[in-house]
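Those protein sequence lines, which keep their order, are chains A and B.
Just so we're on the same page, my numbering is the position in the first sequence counted from 1, plus 418.
Just so we're on the same page, my numbering is the position in the second sequence counted from 1, plus 418.
Bear in mind the hints are in silico, worked out from the structure with no lab data behind them.
In this list, chains with the same sequence are indistinguishable; a pair is considered to hold if it fits within one copy or across any two.
Here are the simulated DMTMM-like cross-link-like pairs (lysine to aspartate or glutamate), alpha carbons at most 20 Å apart as the crow flies:
1) Lys718 x Glu460
2) Lys826 x Glu682
3) Lys813 x Glu666
4) Lys808 x Glu599
5) Lys698 x Glu599
6) Lys718 x Glu464
7) Lys813 x Asp841
8) Lys698 x Asp854
9) Lys479 x Glu492
2 protein chains.
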Amino acid sequence: MTTLSNNPLAVAAKSLPHKKTTNVAILGFGTVGRSVAKILCERLAEGLQLTHIYNRGIARKKVDWIPNSVRWTENIDDILSSDADVVVELVGGLQPAGDWIRRALASGKSVVTANKQLISYSGPELIALAQREKRHIAFGASVAGGIPVISGLQEGLAGDRLSKIYGILNGTCNYILSQIENRGIPFSEALAEAQTLGYAEADASDDVDDHDARAKLTILTRIGLRSNVAPDQIACGTIRIIGAVDFEYARQLGCTIRQVSWAELEGDHLYAAVRPALVKLSSPLARVEGGQNSVMATGKFGGETVFAGHGAGGNPTAVAVVSDILAIAGMGRDAAGIVAEAQQLSPSVSADFTTRHYLRFTITDRPGIIAALATILSKCGINIDSVLQKPGYSKSSLPFVITLEACKASLVEKALEQIAHLDFLVQPTISLPLLD
Amino acid sequence: MTTLSNNPLAVAAKSLPHKKTTNVAILGFGTVGRSVAKILCERLAEGLQLTHIYNRGIARKKVDWIPNSVRWTENIDDILSSDADVVVELVGGLQPAGDWIRRALASGKSVVTANKQLISYSGPELIALAQREKRHIAFGASVAGGIPVISGLQEGLAGDRLSKIYGILNGTCNYILSQIENRGIPFSEALAEAQTLGYAEADASDDVDDHDARAKLTILTRIGLRSNVAPDQIACGTIRIIGAVDFEYARQLGCTIRQVSWAELEGDHLYAAVRPALVKLSSPLARVEGGQNSVMATGKFGGETVFAGHGAGGNPTAVAVVSDILAIAGMGRDAAGIVAEAQQLSPSVSADFTTRHYLRFTITDRPGIIAALATILSKCGINIDSVLQKPGYSKSSLPFVITLEACKASLVEKALEQIAHLDFLVQPTISLPLLD
Numbered sequence: 419m420t421t422l423s424n425n426p427l428a429v430a431a432k433s434l435p436h437k438k439t440t441n442v443a444i445l446g447f448g449t450v451g452r453s454v455a456k457i458l459c460e461r462l463a464e465g466l467q468l469t470h471i472y473n474r475g476i477a478r479k480k481v482d483w484i485p486n487s488v489r490w491t492e493n494i495d496d497i498l499s500s501d502a503d504v505v506v507e508l509v510g511g512l513q514p515a516g517d518w519i520r521r522a523l524a525s526g527k528s529v530v531t532a533n534k535q536l537i538s539y540s541g542p543e544l545i546a547l548a549q550r551e552k553r554h555i556a557f558g559a560s561v562a563g564g565i566p567v568i569s570g571l572q573e574g575l576a577g578d579r580l581s582k583i584y585g586i587l588n589g590t591c592n593y594i595l596s597q598i599e600n601r602g603i604p605f606s607e608a609l610a611e612a613q614t615l616g617y618a619e620a621d622a623s624d625d626v627d628d629h630d631a632r633a634k635l636t637i638l639t640r641i642g643l644r645s646n647v648a649p650d651q652i653a654c655g656t657i658r659i660i661g662a663v664d665f666e667y668a669r670q671l672g673c674t675i676r677q678v679s680w681a682e683l684e685g686d687h688l689y690a691a692v693r694p695a696l697v698k699l700s701s702p703l704a705r706v707e708g709g710q711n712s713v714m715a716t717g718k719f720g721g722e723t724v725f726a727g728h729g730a731g732g733n734p735t736a737v738a739v740v741s742d743i744l745a746i747a748g749m750g751r752d753a754a755g756i757v758a759e760a761q762q763l764s765p766s767v768s769a770d771f772t773t774r775h776y777l778r779f780t781i782t783d784r785p786g787i788i789a790a791l792a793t794i795l796s797k798c799g800i801n802i803d804s805v806l807q808k809p810g811y812s813k814s815s816l817p818f819v820i821t822l823e824a825c826k827a828s829l830v831e832k833a834l835e836q837i838a839h840l841d842f843l844v845q846p847t848i849s850l851p852l853l854d
Numbered sequence: 419m420t421t422l423s424n425n426p427l428a429v430a431a432k433s434l435p436h437k438k439t440t441n442v443a444i445l446g447f448g449t450v451g452r453s454v455a456k457i458l459c460e461r462l463a464e465g466l467q468l469t470h471i472y473n474r475g476i477a478r479k480k481v482d483w484i485p486n487s488v489r490w491t492e493n494i495d496d497i498l499s500s501d502a503d504v505v506v507e508l509v510g511g512l513q514p515a516g517d518w519i520r521r522a523l524a525s526g527k528s529v530v531t532a533n534k535q536l537i538s539y540s541g542p543e544l545i546a547l548a549q550r551e552k553r554h555i556a557f558g559a560s561v562a563g564g565i566p567v568i569s570g571l572q573e574g575l576a577g578d579r580l581s582k583i584y585g586i587l588n589g590t591c592n593y594i595l596s597q598i599e600n601r602g603i604p605f606s607e608a609l610a611e612a613q614t615l616g617y618a619e620a621d622a623s624d625d626v627d628d629h630d631a632r633a634k635l636t637i638l639t640r641i642g643l644r645s646n647v648a649p650d651q652i653a654c655g656t657i658r659i660i661g662a663v664d665f666e667y668a669r670q671l672g673c674t675i676r677q678v679s680w681a682e683l684e685g686d687h688l689y690a691a692v693r694p695a696l697v698k699l700s701s702p703l704a705r706v707e708g709g710q711n712s713v714m715a716t717g718k719f720g721g722e723t724v725f726a727g728h729g730a731g732g733n734p735t736a737v738a739v740v741s742d743i744l745a746i747a748g749m750g751r752d753a754a755g756i757v758a759e760a761q762q763l764s765p766s767v768s769a770d771f772t773t774r775h776y777l778r779f780t781i782t783d784r785p786g787i788i789a790a791l792a793t794i795l796s797k798c799g800i801n802i803d804s805v806l807q808k809p810g811y812s813k814s815s816l817p818f819v820i821t822l823e824a825c826k827a828s829l830v831e832k833a834l835e836q837i838a839h840l841d842f843l844v845q846p847t848i849s850l851p852l853l854d
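Next up, chain A with everything else stripped away, as it sits in the complex:
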């Protein structure tokens, strides 16, 4: 590999009055950091120059394909006082990443980050800081890895008025659910396998309890629906409750089950949630396979636009990072900034969607059960759509399903609170939205 110091373009650029080379420092030399460095080292002629790499324990991190001109350091101050124009934060987590980004912006550097947790919690504050400092902060890699959905919503669809964003934002959940579906294994076994294969972390709660997808949905909602929400405002429903039996019933309904992230603006109210849901087999959500991600955006003028691709992994995420660096490098100092200064709404937020529902009861069989359930549902003003019961289960732990006509989720919750007191239930009832 040619080293940067041998690159005539880079040398020539330095002597120009208008600086043409953008110096890049990487914080965190893990999977994504290595991929970013690889891409930067392969693209010498385009005005980006990797100058610094920060990591703890650099002795065990150093690799020979990084040019000698790149400075390795274990001291963050070396980066902050350097001539780097763009600092790429790939450390993750809220701290110290947040402070480092704040200090980088205050030192006159622009920032590119893949840190979804930080941006979901502190994005607006960091954007405001960047604007005060007349620098840029970009976070295209924080949602859906290599799929350019943030730039798509922010720029490509800027001319529309988006009302709805939904999709599949966590590949680990999608993988686990497809294992339960295809092999009829319990959740715990599918999770353990995913952990063995490295698809899920040892502590998988971020993935399966939806906090990862929630952070991403928070960011997409801010960008696409111009609604300033905090992650804690968005309801989460874990996929731990899903069993193989739910896929059997779903199939009978022409559906499968996916972890669906959904945000929809209606006037000044935002409906938002991340939870498992039944989706029609013919829907684009059902077609998302394995670790793929997919985001659908619906606009007043343009209708529905689909973005799909590899949502995770070192290389796809690195593509998003490098695209952000290139965007910043191409911007003038007086550019309005990557983040459009669109007016932000502050809607009220709930998960009280109006949808059809799937209720899976597990009961000790005896006469009068449907009558008891139907009475409560009817008193709550909820109409039953269908009752499904597959044969072959024990009478003492019998799963059966009632689907409901479209109604508010809060109505269903109210009914389920009353139903919970019925003595024939042997397990808590599973309630999932059934999306059309």
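On the provided structure of chain A, position chain B as indicated by the hints.
Frame of chain A; chain B shown alone:
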């Protein structure tokens, strides 16, 4: 509707030293022009102001929902000498649209256009002119209407090295093919219906002979594969040759037929073509329905990314136009420009893809036909994959199909030239790529 003169933000902006309002002139008040005007008039607070509309015969074009402050004119010089910052060209065609754009750029205005023919032929020249004039030209609406694929390739995937772009770029062809497939009607009948319904022009050759899709593929290839091609370098194959019988055989092969646009860079050679092809029913191409468009981009690092949505229509196209205006409005005067100045390749171009092939012969039946065909194919070094013959056709005009193992398209053409001399053929042979 509030008129612009009542908008305090717009008035305040004019008195600021840094101009915050971007004045917009629309050339051409047809379907897209009306949609653009509608969106602009609904978005008062965001710094865009519709100031001029040019059209011939404005008396019959005027509508009452356009604010009185907007000036209507039939004289292009009124626009060119006005204080418009951005001229939106929606007239279409190569001339006079091309000259008007050149004059607008030379008058210090930026340009947004939806004109795929003009950009496919003159894009590089117009971009160079815009750069010399330190203005911007943006053409996101020229390909796939409301789907933000140009900004996606140009910015969102800028960090990748794309090698392949393919998709379905003409909704009219997709509609006609699906009518032939679903109802077994001939091409001519499907086309006539599409014309009656307004889905196809009276002169439909632009759509069905692939020149529309070719213009779009030319633009995507320049942007995504950084390859400077001219539209005439890209081979076209009409869909006029497709009959209901081809869909029957395709179904037997687990396929359907789509008009596929495909460009693939291999070293310094570009394989590119727009033509009907057999695609697997499970592929994303097969799932594109009606007037939808879909673009797939494959990169070295990010793998495959899918963009899909409404490829045509006034409103989706207008979204792309307004997004481009907003991007220009947000850019500083010293910004590098919407079109990345990435190094352009000048590859050699051919349609000599290596694929499987579907050959449909129409013959007068007699002994020895397969032997005659197999001999020629074998002499050309082509292997037969399967021979299919559906029952129920007349012996004197019998369609049957041979599929070939993957080989260069030029080899198949050579074989078909020899085959054309065989006296049992009663129609020209149909040759389609069969994409895996």
